[in-house]
Amino acid sequence: MARSTRVLPGFGPTLGLTLTWLSLIVLLPLASVFLKASNLSLSEFWNVVSAPRVVASYKLSFGMSLSAAAINAVFGLMLAWCLVRYRFPGKRLVDALIDLPFALPTAVAGIALTALYAKNGWIGQWLEPLGIQVAFKPLGVLVALVFIGLPFVVRTVQPVLEDLDVEHEEAAASLGAGRGQTFRYVLLPVLLPALLTGFTLAFARAVGEYGSVIFIAGNIPMISEITPLMIITKLEQYDYVGATAVAEVMLLISFALLLLINGLQAWTARRTGRDR
Amino acid sequence: MSIQVRNIFKRFGAFTALDDVTLDFPTGELVALLGPSGCGKTTLLRIIAGLEKADAGQVLLEGDDASDKRVRERQVGFVFQHYALFRHMTVFDNVAFGLRMKPRKQRHAEQEIRKRVQRLLELVQLDWLAGRFPSQLSGGQRQRIALARALAVEPRVLLLDEPFGALDAKVRKELRRWLRQLHDELHITSIFVTHDQEEALEVADRVVLMHKGRIEQIGTPEEVYRQPGTPFVYSFLGAVNLFHGRVDGEGVRVGGDLLPGSAQAGGPAEGARVMAFARPYELDIVVSEEPGDGMAAKVSRALSFGVTTRIELEGLEGQHYEVELTRERAEALGLTVGQAVRLVPSNLRIFEYEEGAGI
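Protein sequence lines, in the order shown, are assigned to chains A and B.
Residue numbers are given in the working numbering: position 28 of the first sequence equals residue 28, and the series is strictly consecutive.
Just so we're on the same page, the working numbering is the position in the second sequence counted from 1, plus 276.
By construction, these hints were calculated from the structure, which means they are not laboratory data.
For every residue, glycine included, the Cβ atom is placed at its ideal position computed from N, Cα and C.
Coverage of chain B stretches by chain A, computed from C-beta distances (three or more under 8 Å per stretch; other residues unrestricted):
(1) 352 to 358
(2) 374 to 381
(3) 425 to 431
For each label pair, taking beta carbons as the anchor points, the in silico distance ranges come out as:
(4) A/V26 <-> B/E388: 50 to 60 Å
(5) A/F75 <-> B/E349: 27 to 37 Å
(6) A/L130 <-> B/G441: 53 to 63 Å
(7) A/D99 <-> B/D331: 34 to 44 Å
(8) A/L93 <-> B/S278: 42 to 52 Å
(9) A/A96 <-> B/N283: 43 to 53 Å
The following block holds chain A by itself, in its conformation from the complex:
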């Protein structure tokens, strides 16, 4: 191989350090999960992870996390657009507010949301007559997950948008493109990788979320129990092995989904000539 001519050398040391660090911080704890779960025989393991109540919780957790991330992708993009493209009074305040869900202890968020959406809450009392119940229903889970995932899309899309000149849109318009076409063919392809990153982060955060959800979800078996709650429940019953088995399944599904989204991102980047 030709000698490297990079300004900053050190592929060997950095890769070594990266792998060691990753092993210590991420892989080791995860491996212990798998190790613990391996105390179960295969059929025992299957019985634990395929119990109807657990399966219902997978559906709720992943379904709601994906939906919440999708909602955040749409509204996060709009928020980022508004913050980058327009000037309005209180813009800095709005910009700072966006990070609040990061800073708030999740339990506080959960209690606040529950108070709002309960039957007698500020919002809940108006939704109740319409037949919409949020608190103590799966919908409540969604609301909580949207809340905690909000900053991710905004913060990933914002720098890309700032980088994107209005001239591109003007060029598209002068070439005869309509507003929809300009968005679809000029803006979206450039924003998509950042949007996917934000989506992934929001999704990952939502899958792991516990604190804010358990307050608003009501935790009704088969209806509004999330998987992290199932794990905690098993731990509280001293069923450590069962807890790790469920955790293992959750890990695998999450990992598969993240891998899929990353693949999608690489594909869009390649298609738009960014990795050359």
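Dock chain B against chain A, hints included.
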């Protein structure tokens, strides 16, 4: 297509970008909007394109009022200073963009689009770059692709906003010549904005000089250079020597010195405060310390390369003067640095004094 703008006004907050601008752009001409930055030239171009809305006034395209038409309906090709190529598309897709965005009924078949794009890429001599992305091209190549992209939709007018502003001097010269050739081939009505007087004079059929949101002068490059209509135009186009003084007979008195001139009747009155201009080649140097005709000055530098010799001088009050002499004349004078001489204009243009005339 002919373009007319009628009484255009435009303000940005307290800043007046365009102040009652009325202009005609005849069909098929290549016109340069020339002026210093902030003179309103880009704003005028953007208003013609429909990218900006005038506060008052009309834009007529081929006689029709286009003031309320949106950009996409005006059929104008716009070329941006920083190219504005779509970075996620190949060169080919960039050029094809306008053709592919047409409503389904008017859209050509993909095969026809391919043919047209190919032809455009050949026109800008870059067909071998079709599969590349903009980031892989040089600045000059990007601007040519941007031009091909604008031409793809067969615009009725071509508008170029400082098209060579971001390029280095050599590429700029090349592209200028190339743009002129392209215009001679296509004869599409074109307006380009520039702050580079050399570029405007070299490329355009007609030059519109703008200053502080107003039009100072319109004319062929030859006209605006030979007969500048205002002090601003005089000082903006090429090197110039400026003398502040008062009218004295046919000449101008500057302090104790009298510059011989040919003040016309109807010009500034006797004793009026004036500004007088002479180009470097319109001044001669006389070796004499006697007070008499001409402006006293001291030689500070002589540069002789090329056919002429450029001599820089300093006036008694620190003014800077520049004189261009033939090499023979300079050698005959045998000037030395620090020598006291007198400047005698062979041609002097006299304008009434104006506060802040842009000099």
